[in-house]
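Q: Assemble the whole structure, with the sequences as input and the hints as a guide.
Residue numbers (my numbering), protein chains in the order written: chain A, 1 to 190; chain B, 1 to 451.
It is worth saying that the hints were derived from the structure and are not from the lab.
Heads up, a few of these hints could be off.
What follows is a set of in silico ranges between Cβ atoms, one per label pair, in the way DEER data are often shown [to be verified]:
| hint | chain 1 | residue 1 | chain 2 | residue 2 | range |
| --- | --- | --- | --- | --- | --- |
| 1 | B | Asn244 | A | Met1 | 19 to 25 angstroms |
| 2 | B | Asp411 | A | Asp161 | 53 to 59 angstroms |
| 3 | A | Ala46 | B | Gly314 | 17 to 23 angstroms |
| 4 | A | Ser41 | B | Leu294 | 26 to 32 angstroms |
| 5 | A | Lys105 | B | Arg413 | 27 to 33 angstroms |
| 6 | A | Ile3 | B | Pro160 | 51 to 57 angstroms |
What the simulated footprint calls covered on chain A by chain B, stretch by stretch (three residues with Cβ under 8 angstroms from a Cβ of chain B suffice, anywhere in the stretch; the number is not a length) [what the hints assert, rightly or not]:
| hint | segment |
| --- | --- |
| 7 | 45-52 |
| 8 | 150-156 |
Here are the simulated DSSO-like cross-link-like pairs (lysine-lysine), alpha carbons at most 30 angstroms apart as the crow flies [claimed, not checked]:
| hint | chain 1 | residue 1 | chain 2 | residue 2 |
| --- | --- | --- | --- | --- |
| 9 | A | Lys105 | A | Lys80 |
| 10 | A | Lys80 | A | Lys164 |
| 11 | A | Lys58 | A | Lys105 |
| 12 | A | Lys171 | B | Lys328 |
| 13 | A | Lys163 | A | Lys80 |
| 14 | B | Lys347 | A | Lys163 |
| 15 | B | Lys347 | A | Lys58 |
| 16 | B | Lys392 | B | Lys403 |
| 17 | B | Lys347 | A | Lys80 |
| 18 | A | Lys164 | B | Lys328 |
| 19 | A | Lys58 | A | Lys80 |
| 20 | A | Lys105 | A | Lys171 |
| 21 | B | Lys328 | A | Lys105 |
| 22 | B | Lys328 | A | Lys58 |
| 23 | A | Lys80 | A | Lys167 |
| 24 | A | Lys167 | B | Lys392 |
Don't be surprised by glycine CBs; every beta carbon is placed ideally from N, CA and C.
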Amino acid sequence: MTISQRDRRALWLGGFGLGLLVVYFLAVEPLWAWYADLASSHQSAAADLSRLISNNRKADYYAVCVAEMEERVGPLTEPKPYSEQISVVTERLTATAQGNGIDLKGATPVAPVAWPDDPRLQRAAILVDAEAEWTNALQFINALYRVEGILSVEQFELSGDAKKGNKLTLKLVVSLLAQAGQEGASPWSR
Amino acid sequence: MGLSSGPQATGGSADNSSLSGSPVATAAVTTNGAVCVATMPSADVMTRLWSMPAADGSRLRQMVAHRLEADLPIPLEQLAWGCRAGKLPESGSPGLTVMAQAARNERVSRQMARLVELGMAVDVLTTEAEAIENLLRLGMREQTPPASDADPEAVILATPDDWLVAVRSGGFVQSVRHVSADSGRPELTLQNCRQMIEAVYPLRDVRRVRWAATPDVVVAELLAEHWSMPIEPLEPAETLVGPNGGRLVAADLAEFGPAIGLGLAALDEPDVLIRLAGRERETLSPRRQQIERLLTTPGRWIAAAGILFVLMVGTHIGALTWERAQMKRLITEYDPATSPMVALEPKIRAMERINTYRINVEDVVARICAQMPNSVLISSIQLTREQGLVIKGTCGDSKALFKWVDALRQDPRLDQIQPGRTEPGKGGGFTLTAQVVGTQRLAGGRQRGAR
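A: Okay, here's the thing in structure tokens:
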């Protein structure tokens, strides 16, 4: 059987094309996939390592910030369980009032509600009724902000009455955060 | 250098019909095809030899042109000519010996056309004299030189049909002539040779005759019998080898001498040859020539580039693999419990909560009081996260009150300041409401029991 020149050329071209396909699927494609996998895992490892390094650098930065903050507002701690937190804060609030010349009429804890930013926490409050002179009232608030556990003054009301002389009526709602335990999970449970 | 690896001797006589029995073309092409050199038939070439003062190339050419114009009976415009300079044989002389050779333009054009017909793209069309000169200069084994370089010598290359007779002196072959050989009457052939030589120099001035002949031609005995001068055979240099690798012999010189001379010239310094015509060669800058030389071996460069590419890919993949292994080791060895962030995180969260939600009561009160006029008497201040600031009091001077309000509006921490006058007939009560900028509202429900 003889093959014409044209047929021979066609066979050569077909064989060459087939060879190219075989080389692509058996060599190029697997190699490329292997390389892509290598590059991807390298990138992933680099990202993980970068996060670790970044965390360490962040720790150095935050250590300084936390130290400065603690110098200004007192120790920064995780909230305690509600019962412990409310009793400790109430005690310290009373002591602070006494230390700043505040005539404390009442400090009433209020049941906690959920803290929207963190489901593990709940927000409680203490209603403070007191009488104080103008300057003592502001000093008292400053001192309150150094008490461990107090988040903020939610409500501040200072009013005067001519009958009472220099004494001003001070009403505060002080918020504090506590751990959301069994006892604080639902206000109806107590 | 040899015929097999260097010049390929081609040609020889190709057409004897039109030019007085002299060969039409002798040509040589270097193996890589870089240069093709061919000759004009010697009968078409006029040769002059002069002594001239030393001068640079262009000046020398100018002088030669003037001399040619004066010496030759043909106008210079109708001539293709070239020249080559050598030192004067007298030592210490500052002058030059210049050989000029010229041929009619029409003959040169005809010769070029014939060479093209033979399939040759000629770079340099020179003369047979130059071919023989280069053969003697580059292709001969070291032999006893004549007493003086200026002493004339004769060279005979003999084949059964044709004897080539050249006369050389002072580093120039001054005359080349072809003598038709008559095997039956060798004395007549010798007589013709003698006449050719004596057309240039008297035979008594010729110091020696060098010869090469094919085996079937008897030259040496004939010369020794009739001419009383030293007779020396030409011996090709050991480096000249034929296409089959064998050394060239005198018979090869006799048959292909001019072509071998051209080949040697093409390999040595083709630009020095007397040039009557030829392809204009592009003058390349040295850098361009360097690039051209580099590009003559593209296969090697492609191979080198391929090897370099493979090396780079290998290095890249090696680096990726090593780095990945190192990073994974570091990540595996890292214990999150030892991270300083673990201890700091509760404090950071507490700090962020305070920064976000704490209301700075003292700062707000200080901002209100800083610009408060003396005529204002405050009865109550109320500050809450949701409702903002409410100030109640009295002020008899309404102008001072609104001036104070304007001042408060300049404060960046206070916004939406709304003054309200009450009880104007009873001393001027007022209520001032404002929002404290930066106070974060709580998303959750209101505090039970909060007022």
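Q: For every hint, state whether the structure bears it out.
A: Structure-based check of all given hints:
Our hint of 19 to 25 angstroms for Asn244(B) and Met1(A) is violated, since their Cβ atoms are close to 43 angstroms apart. Between Asp411(B) and Asp161(A) the C-beta distance comes to about 29 angstroms, which lies outside the given range of 53 to 59 angstroms. The beta-carbon spacing between Ala46(A) and Gly314(B), approximately 21 angstroms, falls within the hinted interval of 17 to 23 angstroms. For Ser41(A) paired with Leu294(B), a C-beta distance near 42 angstroms fails the hint of 26 to 32 angstroms.
For Lys105(A) paired with Arg413(B), a C-beta distance near 31 angstroms keeps the hint of 27 to 33 angstroms intact. Between Ile3(A) and Pro160(B), the C-beta spacing of about 54 angstroms keeps the proposed range 51 to 57 angstroms intact. Taking a C-beta to C-beta cut-off of 8 angstroms, the segment 45-52 of chain A contributes 5 residues in contact with chain B, enough for the three needed, and the coverage statement holds. Only when three residues or more bring their CB closer than 8 angstroms to a CB of chain B does the claim for the segment 150-156 of chain A stand; here the count is 6, and the claim holds.
With a C-alpha separation of about 26 angstroms, the suggested pairing of Lys105(A) with Lys80(A) holds against the 30 angstroms cut-off. Proximity of Lys80(A) to Lys164(A) is assessed by CA-CA distance (about 39 angstroms); at most 30 angstroms being required, the pair is judged violated. This hinted pair does not check out: Lys58(A) and Lys105(A) have alpha carbons roughly 46 angstroms apart, beyond 30 angstroms. About 59 angstroms separates the Cα atoms of Lys171(A) and Lys328(B), which puts this hinted pair outside 30 angstroms; it is violated.
Only pairs whose Cα atoms come within 30 angstroms are accepted, and Lys163(A) paired with Lys80(A) is rejected, the gap being roughly 42 angstroms. Under the criterion of a C-alpha separation no larger than 30 angstroms, the hint pairing Lys347(B) with Lys163(A) is inconsistent with the structure, at around 46 angstroms. Pair hint Lys347(B) plus Lys58(A) holds up; C-alpha atoms about 13 angstroms apart against a cutoff of 30 angstroms. Taking the CA atoms of Lys392(B) and Lys403(B), the gap is about 16 angstroms. The hint holds against a cut of 30 angstroms.
Of the supplied pair hints, the one linking Lys347(B) and Lys80(A) holds, its CA atoms being roughly 13 angstroms apart against a limit of 30 angstroms. Among the hinted pairs, Lys164(A) with Lys328(B) is inconsistent with the structure: their alpha-carbon atoms are about 73 angstroms apart, more than 30 angstroms. A distance of roughly 26 angstroms separates the Cα atoms of Lys58(A) and Lys80(A); the hinted pair therefore holds under the 30 angstroms criterion. In summary, the hint linking Lys105(A) to Lys171(A) is supported, as the alpha carbons are separated by about 10 angstroms, within the 30 angstroms threshold.
For the hint pairing Lys328(B) with Lys105(A), the CA-to-CA distance comes to about 63 angstroms; that exceeds 30 angstroms, so the pair is violated. Distance hint between Lys328(B) and Lys58(A) is fulfilled; the C-alpha atoms sit about 22 angstroms from each other, no more than 30 angstroms. Taken as a hint, the Lys80(A) and Lys167(A) pair is broken in the structure, with Cα atoms around 35 angstroms apart against an allowance of 30 angstroms. A threshold of 30 angstroms between alpha carbons decides the hint, and for Lys167(A) with Lys392(B) the separation of about 17 angstroms falls inside it, so the pair holds.
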